[in-house]
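Here is how the chains run, residue by residue.
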Amino acid sequence: MSSSQAWPRNAVQPAPLDNRIRMETPEGIDLLLRPAGLLSRSLAFTIDLGIRGVLLIALFYAFHLFGEFGTGLFVLALFFVNWWYMVLFEVLHQGRTPGKQIMGLRVVHDDGTPVGWSASLLRNLLRFVDMLPFGYSVGAFACLQHPLFKRLGDLAAGTLVIYRDAPVVRPDLPEAPAIIAPLVLSLDEQRAVLSFAERQASLAPARVQELAAIVAEPLQTPGGAHSSHAVGHLNGIARTLAGSA
Amino acid sequence: MKQRQFEQRYQGEWSTFAERLGALEHSRRKNPAGDGFTEQYRQICRHLALAQERGYSSHLIDPLQQLAMRGHQQLYRHRSQFMAQLLGFVLADFPRLVRAEWRLVAIACVLFFGSLIVMGLLVYGYPDLIYSVVSPAQVGEMESMYDPAARRIGQAAERASSTDWLMFGYYIMHNIGIAFQTFASGLLLGIGSLFFLFFNGLMIGAVAGHLTDVGFGETFWPFVVGHGAFELTAIALAGAAGLKLGWALLAPGALRRGEALRVAAKTSVRLIGGVMLFLLIAAFIEAYWSSMTWPQPTTKYLVGAALWTLVIAYLTLAGRTAHAPD
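Those protein sequences? They're chains A and B, same order as listed. Mapping the first sequence onto this note's numbering, position 231 (from 1) lands on 211, and the numbers just tick up by one. Mapping the second sequence onto this note's numbering, position 240 (from 1) lands on 255, and the numbers just tick up by one.
In short, the hints are calculated from the structure, not lab data. Mixed in with the good hints, there may be bad ones.
Keeping only pairs whose Cα atoms sit at most 20 Å apart, straight-line, the calculated EDC-like set for lysine to aspartate or glutamate is [unchecked claim]:
1. Lys281/B x Asp108/B
2. Lys17/B x Glu178/A
3. Lys17/B x Glu68/B
4. Lys281/B x Asp91/A
5. Lys281/B x Glu116/B
6. Lys315/B x Glu233/B
7. Lys17/B x Glu155/A
8. Lys17/B x Asp168/A
9. Lys281/B x Asp90/A
10. Lys17/B x Asp152/A
11. Lys17/B x Glu169/A
12. Lys315/B x Asp162/B
13. Lys17/B x Glu28/B
Let the sequences and hints guide you as you build the complete structure.
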């Protein structure tokens, strides 16, 4: 999931192969942001639209009891729900409207900092243009054209809709006696061996065998490439690399 | 250091940091969980950098990355001293901003008030012109609203306060909607703002000219003169904010178009903040003062003149001193 390969010191890190973007912070680390595409964003918007619709219908009947005064309140509520629902949620709820919350999205500034009042107001006011001429055509077009899936409002406000990270579950390394690698492994190779051990549970046994067989010879597995020891040997090296518990 | 040892040594720190983040994410108020946050955050960043440098497995790095991301969100969150900012904005920043953007404001004003006045005079001189911009049904509606006879008969007494509320809500909804449209459509290379300024000017001018022509001026002008000061100015300013967006796209200068747009948008959204304040005031005046029927038209004209002077004086004079008044 993360790109965290070990690149030589001071080397410029290449851009990730997928559409994630690297954002360097003042602390000297890279944050990885994963921009959200058109479909998940439109679904989030649809959910928000539904919630607002239900809310307004409920308010309409509730305020209806108060006669003209209630109608006045309702029109005010209509205004707030129409223009401020998105802004209030985005600023006060860490960039997430209920729809975005459900879809696992959030809004941030271009540099990854949390979205503020002016940016959120701007991106939501300019929604008006994104909706032109019908059904968000302009917004959808801009979104599909842009490498970071920005609609016009996002472009002007300098905001970005990203996926929130799901918590990672750590797999256990398979049991194997620790073995010291017979040659010095580079960092990339070490990571490859570790990943092999960690991802073993999700691979078919035949595939595991096949992968282990590729490196059996250079790693001097006793018995050669076709031995059933290849997998265990590799796991043992991984265990050494990870260190004892 | 091997991965496992690294993990064992710092696991405790990471989980306390995660708990602290959880506490901070749940409330925006000042929180004891914030004490010593930066040191811990920096520690996490250091661990992340170390783990990446040493080539630890991605299952170790990813959670660290997420912790760093969440910490970053908390550390760089926007502290808003809302009241202080609002006060500063109203007292000085907004009029200064309007003066700084005087070219666009002037264009928007000329277009909006120009088309309004010209159309008003034209309709006054050639009454049939009104039907070229307003449909006969709407004209009838307008006439019945401002008919002096209907007023005396239908609304002999003051409007009930519940009606004031209804109209207040309606004015907010309607006027801010128009202002937002005028602003947002500026993104279409400014053409949208130009169109809405011109179009709204025509409409308002035509209605004013027509009502004066048919002799309803005595109810119409006292009604609109008060809140018009805020409402019409606000629409012109919203247009100016929209033109700023459009101009940034047309003539980005040394910046890329996207960058120029972002810079312009930062300014124009503040203009829009002021526009919203103006429209809020306008809606109050319209619902609670303009609708009163007991003050003499003379009083209304005087108050109206005072409000126009106030708006113009505010936009031209406020915030001229270097320090905002405390």
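Evaluation of the provided hints:
Simply put, Lys281/B and Asp108/B have alpha-carbon atoms about 14 Å apart, close enough for the 20 Å limit, and the pair holds. Simply put, Lys17/B and Glu178/A have alpha-carbon atoms about 16 Å apart, close enough for the 20 Å limit, and the pair holds. A hinted pair counts as satisfied when its Cα atoms are at most 20 Å apart, and Lys17/B with Glu68/B qualifies at roughly 12 Å. Restraint check: the Cα-Cα separation between Lys281/B and Asp91/A comes to about 16 Å, which is no more than 20 Å; the hinted pair holds.
Between Lys281/B and Glu116/B the CA atoms are separated by roughly 13 Å; this keeps the pair inside 20 Å, and the hint holds. This hinted pair checks out: Lys315/B and Glu233/B have alpha carbons roughly 11 Å apart, not beyond 20 Å. Restraint check for Lys17/B and Glu155/A: the C-alpha separation of about 17 Å stays at or below 20 Å, so the hint holds. At most 20 Å may separate the alpha-carbon atoms for a hinted pair to count; Lys17/B and Asp168/A meet this at roughly 15 Å.
For the hint linking Lys281/B to Asp90/A, the alpha-carbon distance of about 14 Å falls within 20 Å, and the restraint holds. Using a Cα cut-off of 20 Å, the hinted pair Lys17/B and Asp152/A holds, with the two alpha carbons roughly 16 Å apart. With a C-alpha separation of about 15 Å, the suggested pair Lys17/B and Glu169/A falls inside the 20 Å cut-off, and the hint holds. Annotation: proposed proximity of Lys315/B to Asp162/B holds, straight-line Cα distance about 18 Å (limit 20 Å).
The suggested pairing of Lys17/B with Glu28/B holds, with an alpha-carbon distance near 18 Å, which does not exceed 20 Å.
Violation of the numbered hints given earlier is absent; every hint is satisfied by the structure.
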